[in-house]
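Q: The lines below spell out each chain.
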Amino acid sequence: MASREIIRVVAAGVDAAGMAKIAQEAGGGRVEAAALGDMQGARLVKKGQADYYLGTCWSGGGGALAAATALLGSTKVGIAGTPGMAVSDEKVAQLVGEGKIAFGFPYEQSRSAIPLIIKAILAHRDTNGEEAGNG
Amino acid sequence: MADPGAVSETSLAEQISAEFAERLDLLEEARQITPLARRLTELAIAEIADELAVTFTEENAAPFVTHLAVALTRLNRFEREAAPSAVVDEEIRDRTREREVIQRVMEECEKLLDREVPESEIAYMTVHLCAILDDE
Numbered sequence: 504m505a506s507r508e509i510i511r512v513v514a515a516g517v518d519a520a521g522m523a524k525i526a527q528e529a530g531g532g533r534v535e536a537a538a539l540g541d542m543q544g545a546r547l548v549k550k551g552q553a554d555y556y557l558g559t560c561w562s563g564g565g566g567a568l569a570a571a572t573a574l575l576g577s578t579k580v581g582i583a584g585t586p587g588m589a590v591s592d593e594k595v596a597q598l599v600g601e602g603k604i605a606f607g608f609p610y611e612q613s614r615s616a617i618p619l620i621i622k623a624i625l626a627h628r629d630t631n632g633e634e635a636g637n638g
Numbered sequence: 011m012a013d014p015g016a017v018s019e020t021s022l023a024e025q026i027s028a029e030f031a032e033r034l035d036l037l038e039e040a041r042q043i044t045p046l047a048r049r050l051t052e053l054a055i056a057e058i059a060d061e062l063a064v065t066f067t068e069e070n071a072a073p074f075v076t077h078l079a080v081a082l083t084r085l086n087r088f089e090r091e092a093a094p095s096a097v098v099d100e101e102i103r104d105r106t107r108e109r110e111v112i113q114r115v116m117e118e119c120e121k122l123l124d125r126e127v128p129e130s131e132i133a134y135m136t137v138h139l140c141a142i143l144d145d146e
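In the order they appear, the protein sequences are chains X and G.
Per the working numbering, the very first residue in the first sequence carries number 504; after that it's consecutive.
Per the working numbering, the very first residue in the second sequence carries number 11; after that it's consecutive.
The shape of chain X in the complex, shown without the other chains (with noise of 0.2 Å):
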């Protein structure tokens, strides 16, 4: 049966607060999206008191998801965009469909990156149920 429970997003990196709304609004009432600190935010997912963690940074590498390696391992985390790559719709259900539960692009790809995202997870949740994306 499909999944229509509230997804818990939280968002940590350059403009956190941006991110969170526009995850917010990307989910169409079926988003909760909080602004945390990036060990925070990674150790709610880890508790499982959250579901998905967005992480951006300036090159959408390394800092952008460092810390939700750290605690959730390496097989959790997807970096779905760099500079030189641009978030996709592929890429994003490719990353989601592997289990992965923590996102990570550039800050300069949030306004498409996170819509993206968001689509893809509910996409997923609905076909595969609230199992979908517990870490």
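No lab work stands behind these hints: they were computed from the structure.
Be careful, since some hints might not be right.
[Unchecked claim] Some residues of chain G that are not near chain X, with every Cβ distance over 12 Å (derived):
no., residue
1, Asp35
2, Arg41
3, Ala59
4, Ser95
[Unchecked claim] Which stretches of chain G does chain X cover? Using the computed rule of at least three CB atoms under 8 Å from a CB of chain X, they are:
no., segment
5, 50 to 57
6, 119 to 125
7, 132 to 145
Ideal Cβ positions, reconstructed from N, Cα and C, are used throughout, including at glycine.
Here the structure of chain X is known, so what remains is to put chain G in place on it, guided by the hints.
A: Positioned in the frame of chain X, the structure of chain G alone reads:
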């Protein structure tokens, strides 16, 4: 910059080490950063704080410290540098002073890394630093 292997450090460097100990411990234990990159990060942050008379804390500088440690680890491991960003270059176009400070500190890191710090990495470090200064 002091020798990272030296026993005695300045009190500012010790303060910086203490302030970011939890973060850097976590990253080092998970092998996200190397011990050398960690030490260089602590010393670089202390030097930048001293030069620009700015106080770095977990609250205002966590992304900068993490970025610096990860970037220095990339270099320490001889991995490919971060790809340049036109957006970042534009952000720091007029930030000559901050860029020069970063460049000077990185020149000292280069000796211990045995590798040149590329312009793209300098730019990312600079934009992080500018974000902190602009929020002050």
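Q: Now look at each hint and say whether the structure bears it out.
A: A quick look at each hint next to the structure:
{"no.": "1", "hint": "Asp35", "result": "10 Å, violated"}
{"no.": "2", "hint": "Arg41", "result": "9 Å, violated"}
{"no.": "3", "hint": "Ala59", "result": "19 Å, holds"}
{"no.": "4", "hint": "Ser95", "result": "4 Å, violated"}
{"no.": "5", "hint": "50 to 57", "result": "violated (count 0)"}
{"no.": "6", "hint": "119 to 125", "result": "violated (count 0)"}
{"no.": "7", "hint": "132 to 145", "result": "holds (count 4)"}
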